[in-house]
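Number of protein chains: 2
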Amino acid sequence: MFWKNFFKDTYLLSKACKDTNQGKKDPSLLTRLFYKGKKIKIFLSNHKIFNWQDLEFLCHSVGWECPPFKKIQIGIANSFMVVSLFQEVLGTLKLIGFARVTSDKVFNAIIWDLAVHPEFQGKGLGKILIYQIIQQLRREDIITIALFADSQVTKFYLKLGFIQDPEDIKGMFFYSNSDEYSSYI
Amino acid sequence: MFWKNFFKDTYLLSKACKDTNQGKKDPSLLTRLFYKGKKIKIFLSNHKIFNWQDLEFLCHSVGWECPPFKKIQIGIANSFMVVSLFQEVLGTLKLIGFARVTSDKVFNAIIWDLAVHPEFQGKGLGKILIYQIIQQLRREDIITIALFADSQVTKFYLKLGFIQDPEDIKGMFFYSNSDEYSSYI
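Sequence order for the protein chains is G and X.
Per the numbering used here, the very first residue in the first sequence carries number 32; after that it's consecutive.
Per the numbering used here, the very first residue in the second sequence carries number 32; after that it's consecutive.
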């Protein structure tokens with residue numbers, strides 16, 4: 032119901048997800064939504080070039096420690112896909128959402144660092160970012176899409192069709208800077 | 032105990048893991064082990080160029096369906112790291128172990144497709160492959176190393192220092208070719 036009302040005079044969500052980024056200019060108008068009593072434009076981009084302050088602002092807004100800019104540059108440059116959402120403010124675009132993907136470009140892809148500015152959370156923008164990624168990966172014939180989700184957000188991904196530990200496959204981590212590292216190597 | 036006996040007249044495992052691939056030629060002699068009553072040489076390589084039949088042979092030996100060569104080529108070309116083990120047979124090298132890594136080259140890396148030919152399983156070669164990857168990623172300052180493990184092999188990775196679902200982080204998958212796909216998008 033929420034979606035029906037939310038998008039009734041703009042795009043349908045499914046249409047918004049399907050129509051963007053197929054030969055359109057980048058950034059492209061994705062949708063319009065109400066924010067602080069006004070209807071604002073939300074733009075979608077696959078560009079890998081960011082304003083450092085924009086990224087830092089978004090990082091801090093969701094409580095993440097922002098890595099050094101040089102590291103972020105390397106991480107983004109070596110991401111297979113970057114999807115960002117921008118709010119139009121007085122003719123300029125302000126970053127409000129972000130996610131990126133690493134991939135071998137053929138078999139599998141991992142989604143990392145999904146972030147939506149708190150003022151825009153609960154408006155379906157995280158869902159749009161994920162579906163944009165899925166659509167774009169599908170066009171590249173990459174079928175297996177994975178991510179690592181904090182326990183607070185597994186429900187969000189389950190609703191989007193993600194499966195937790197399918198066929199009992201477990202996500203496992205090795206932290207090579209941990210104190211215990213030397214006892215293993 | 033097993034390790035102590037196994038490596039007593041060759042390398043110590045820890046030494047084998049630490050010494051290779053630091054300015055040495057590729058493929059480099061990793062260790063020697065007993066196989067069918069003879070002491071054979073095991074070589075390690077980071078090359079991305081493979082004999083297709085070797086890879087197919089290894090795939091089938093571990094019960095994997097082998098993807099088309101063209102797809103494997105793309106997957107390997109876009110892997111950040113490939114680590115292979117070879118047995119020396121009459122002066123030629125025969126592929127007996129393989130693993131690859133995708134990465135953003137700065138923050139995180141995912142290990143995929145660890146395979147050791149069944150005749151060489153239980154001899155610590157899987158462990159060597161994983162430690163080689165960890166060592167090489169560590170040299171690149173990549174601290175977070177992850178993988179998705181079948182339930183049958185989680186114990187193997189736990190012994191190597193991997194943590195399952197750390198801080199309740201869950202591995203989640205989306206299969207965009209599944210029947211249910213259209214109901215989500």
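Please keep in mind that the hints were generated in silico from the structure rather than gathered at the bench.
Hints are not guaranteed to be accurate.
The list makes no distinction among identical chains, and a pair is therefore deemed to hold if it is satisfied within one copy or across any two copies.
[To be verified] The calculated DSSO-like cross-link candidates involving lysine-lysine, where the alpha carbons are at most 30 Å apart (straight line), are:
| # | residue 1 | residue 2 |
| --- | --- | --- |
| 1 | K158 | K56 |
| 2 | K136 | K69 |
| 3 | K201 | K101 |
| 4 | K201 | K69 |
So, going through the hints one by one against the coordinates:
1. K158 / K56: within (22 Å within a copy, 48 Å between copies)
2. K136 / K69: neither (40 Å within a copy, 42 Å between copies)
3. K201 / K101: Between. Shortest inter-copy distance 29 Å satisfies the 30 Å Cα cut-off; intra-copy 32 Å does not.
4. K201 / K69: neither (45 Å within a copy, 38 Å between copies)
Going down the numbered hints, you'll see the structure goes against 2 and 4, while the others check out.
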